[in-house]
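Residue numbers (my numbering), protein chains in the order written: chain A, 839 to 1252; chain B, 839 to 1252.
Note that these hints are calculated values from the structure, not bench results. Any given hint could turn out to be false.
[To be verified] Residues from chain A shown here face chain B by an in silico Cβ test under 10 Å; the list is partial:
#1 1059
#2 1153
#3 1191
#4 1194
C-beta: ideal position from N, C-alpha, C; glycine also.
2 protein chains.
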Amino acid sequence: MDIKQKIEKANEEAVRRLTSGDPVLVDVAPAGEVIPGLENKMITHSGPPIEWGRMCGAQQGAIIGMVIYEGWAEGPEEARAKLEKGEIRLEPNHHHHAVGPMAGTISPSAPVWVVENRAFGNRAFCRQVEGRQQFGEFSKDALDGLRLWRDIWAPTLREALQKMGGLELNPIIIQALQMGDELHNRHSASSSLFANRMAIAISEADVLKERALPTLQYLAGHNLLFLGLAMACGKAITDPVMDIEYSTIVTAMARNGTDFGIRVSGLGDEWFTAPAPVVDGLFLPGYSADDAGFDMGDSAIAETVGWGAFTIGGAPGILTLVGGTPEEALEYTREMRKITSATHPTYRMPALGFAGTSVGIDIRKVVQTNVSPIIDTAIAHKDPGYPIIGAGLVRAPIECFKQALIAFSQKYNT
Amino acid sequence: MDIKQKIEKANEEAVRRLTSGDPVLVDVAPAGEVIPGLENKMITHSGPPIEWGRMCGAQQGAIIGMVIYEGWAEGPEEARAKLEKGEIRLEPNHHHHAVGPMAGTISPSAPVWVVENRAFGNRAFCRQVEGRQQFGEFSKDALDGLRLWRDIWAPTLREALQKMGGLELNPIIIQALQMGDELHNRHSASSSLFANRMAIAISEADVLKERALPTLQYLAGHNLLFLGLAMACGKAITDPVMDIEYSTIVTAMARNGTDFGIRVSGLGDEWFTAPAPVVDGLFLPGYSADDAGFDMGDSAIAETVGWGAFTIGGAPGILTLVGGTPEEALEYTREMRKITSATHPTYRMPALGFAGTSVGIDIRKVVQTNVSPIIDTAIAHKDPGYPIIGAGLVRAPIECFKQALIAFSQKYNT
Chain A
839 MDIKQKIEKA
849 NEEAVRRLTS
859 GDPVLVDVAP
869 AGEVIPGLEN
879 KMITHSGPPI
889 EWGRMCGAQQ
899 GAIIGMVIYE
909 GWAEGPEEAR
919 AKLEKGEIRL
929 EPNHHHHAVG
939 PMAGTISPSA
949 PVWVVENRAF
959 GNRAFCRQVE
969 GRQQFGEFSK
979 DALDGLRLWR
989 DIWAPTLREA
999 LQKMGGLELN
1009 PIIIQALQMG
1019 DELHNRHSAS
1029 SSLFANRMAI
1039 AISEADVLKE
1049 RALPTLQYLA
1059 GHNLLFLGLA
1069 MACGKAITDP
1079 VMDIEYSTIV
1089 TAMARNGTDF
1099 GIRVSGLGDE
1109 WFTAPAPVVD
1119 GLFLPGYSAD
1129 DAGFDMGDSA
1139 IAETVGWGAF
1149 TIGGAPGILT
1159 LVGGTPEEAL
1169 EYTREMRKIT
1179 SATHPTYRMP
1189 ALGFAGTSVG
1199 IDIRKVVQTN
1209 VSPIIDTAIA
1219 HKDPGYPIIG
1229 AGLVRAPIEC
1239 FKQALIAFSQ
1249 KYNT
Chain B
839 MDIKQKIEKA
849 NEEAVRRLTS
859 GDPVLVDVAP
869 AGEVIPGLEN
879 KMITHSGPPI
889 EWGRMCGAQQ
899 GAIIGMVIYE
909 GWAEGPEEAR
919 AKLEKGEIRL
929 EPNHHHHAVG
939 PMAGTISPSA
949 PVWVVENRAF
959 GNRAFCRQVE
969 GRQQFGEFSK
979 DALDGLRLWR
989 DIWAPTLREA
999 LQKMGGLELN
1009 PIIIQALQMG
1019 DELHNRHSAS
1029 SSLFANRMAI
1039 AISEADVLKE
1049 RALPTLQYLA
1059 GHNLLFLGLA
1069 MACGKAITDP
1079 VMDIEYSTIV
1089 TAMARNGTDF
1099 GIRVSGLGDE
1109 WFTAPAPVVD
1119 GLFLPGYSAD
1129 DAGFDMGDSA
1139 IAETVGWGAF
1149 TIGGAPGILT
1159 LVGGTPEEAL
1169 EYTREMRKIT
1179 SATHPTYRMP
1189 ALGFAGTSVG
1199 IDIRKVVQTN
1209 VSPIIDTAIA
1219 HKDPGYPIIG
1229 AGLVRAPIEC
1239 FKQALIAFSQ
1249 KYNT
């Protein structure tokens, strides 16, 4: 086989794995109990590796929040001092089979979604989705949302899941894609369908009403609830795609608000980074582009598996959030076919005649076509201490793909 | 004012009423308790008035089913004999502020959705949605579904609703239209959202688990559940539009499988009928167009208020059921603007750039443009005794609109 054939064969295997993922929600458990290598006095974060001093304002704010939440500091000044002295270890989620939206911070006592990919036996983890602490806010109110998750909602879900023995997520994903979700910033359908299933499970598990009722209210009232599940699914689906020799398929896109990084199957766990770009978006009242930090979050794992902006043509409901017209949204989705290797056999979009979602971003195609993956995403403030300020669209920096292609050429002598 | 001005003014008022409906689910109650004039030994049916002998096979089958269900006969032969002798009174749902999908049969002990239009104080009613008895099947299995509704599901919903004091339905309708429902044959989103609201209400009402759990399972497992609610909403919204002098706006489209009938605001409760047309559709395995009955059901109340095929462009997920392409669906929705008077201020379709749904079918515009309202609908068998056999698209017969326009000219000397 010549090199081109070896690449094609490797990418076929990558796509086979990408399209045969079978994600099952098996637990909602404290991170320290389930995430390998997540130790005491450690916080994991979104994006490629980064030290405290280079972190953007929102990620610093979110980490300060987690330090207070864990009781490792009384207030922000003490937290900041400890972080500056290196007393809290900071590592990327992606180095622990985990992902987190926006700042992405995970600390040991915070419960995470645990998703098992039953086709390959691996597990992945994602933190709770909310609109404040993960955006950099560390007020008592912001942290109280984390405490309710830890003390009420997550334990109730855990109890119900244990009774039901896990919940297959592909049926929800397949349906939600036919109901206008793109599974990155629009989760109205998936969250609602998930809440339906959990309401039955909570009833079956005879959870005490004092915990059952607030959990049902939380589930039915949180229209981005499923984002955490979708991200854990994305990570669970992509992890088995890592380390296929000769494959040029992207296995991760992640941003920490300072750097944008990608990983490529045939290049193992190496990160190829470029400065995190500006998001072109719409802002909540009181905020503008001047307030915005740069692109942030592990949530681009959604686009890595073909959701998010890759399927935005099937999700026009999201346009009030991120801007643009239905026609532009359809065009983005069609454009992504140019840089991907296959269409998914069961994840389908009615608005595109039930075409499969585009999967398997090929770094060669990105560089050859000069078409960069498009991502829809929320926007955090540039400074610590704020909740969500907006949402929009952004392109992955093409430099990451060029660097990766050069590294690929060097490794495989192409 | 000349006649044209009088018509315009009347139609403005009709549209004002059509677009200001505020439907609230207030009860799920035995029909005989709540539907005015529904007496013992009476069954109401879909479509314009029709006697037993002219009824189509599916409607006869459904009525036989209800006679057995009520215990007025032991089996189909006895039921048929009583019906032929006129011992059971048959009247249209529409004459009782009620609607029913397909055969539409309502009998006194069958619980119905009770929707109050809080903007006008009127109430409307719709029967349970299921895929067997209302299509003409009268087997024990088919009737057992009605019994579970009567004995378990409906009483549980009633108990929960009484505790919560009613549920506003516009928030669900608005959201569902942004999630790919068209609210006639696709109710995936509305049913799921409704199920979550009721799960909370059932928990709050402390319903016994032996009834709560099967009801939660019923709610979460029935993706056409909301059709009955949407139809009751449609009827509750259109009833206040009846009897506006000079208005040419359609207030009902309904079919009994033999006749297709419409009512017009300025023409009161008169029906204008033509033979029910053939539905152009897709069939379930084992059935074909040769088996199909003609167009049937009160469910075209959905199109009367601007849902169903009028919004099918925003609901491409339905196309696996009824056939066609996303582009054709968008074109149907745009075409309906030609025969309607306004767009709805809050019922919006993301796929059409968040345009409002088209409301207020004007019989003048239908006749002038020769564009007839399009309806998406399920298909019943031509003979009694069968469940659902397919679904598709159909045009309202233009003769109904021509007759109505002639009657209008005669009444108002135009």
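Do the hints match the structure? See the list:
The interface hint given for residue 1059 (chain A) is met, as the beta carbon of that residue sits about 9 Å from the closest beta carbon of chain B, less than 10 Å. Annotation: residue 1153 (chain A) was flagged as interfacial toward chain B, and the flag holds, the nearest CB pair being 8 Å apart, inside 10 Å. At its closest, the beta carbon of residue 1191 (chain A) sits 6 Å from a beta carbon of chain B; the interface hint therefore holds under the 10 Å criterion. A distance limit of 10 Å between C-beta atoms decides the matter here; for residue 1194 (chain A) the minimum to chain B is near 14 Å, and the interface restraint is violated.
Going through the hint list in order, the structure does not satisfy hint 4, though it satisfies all others.
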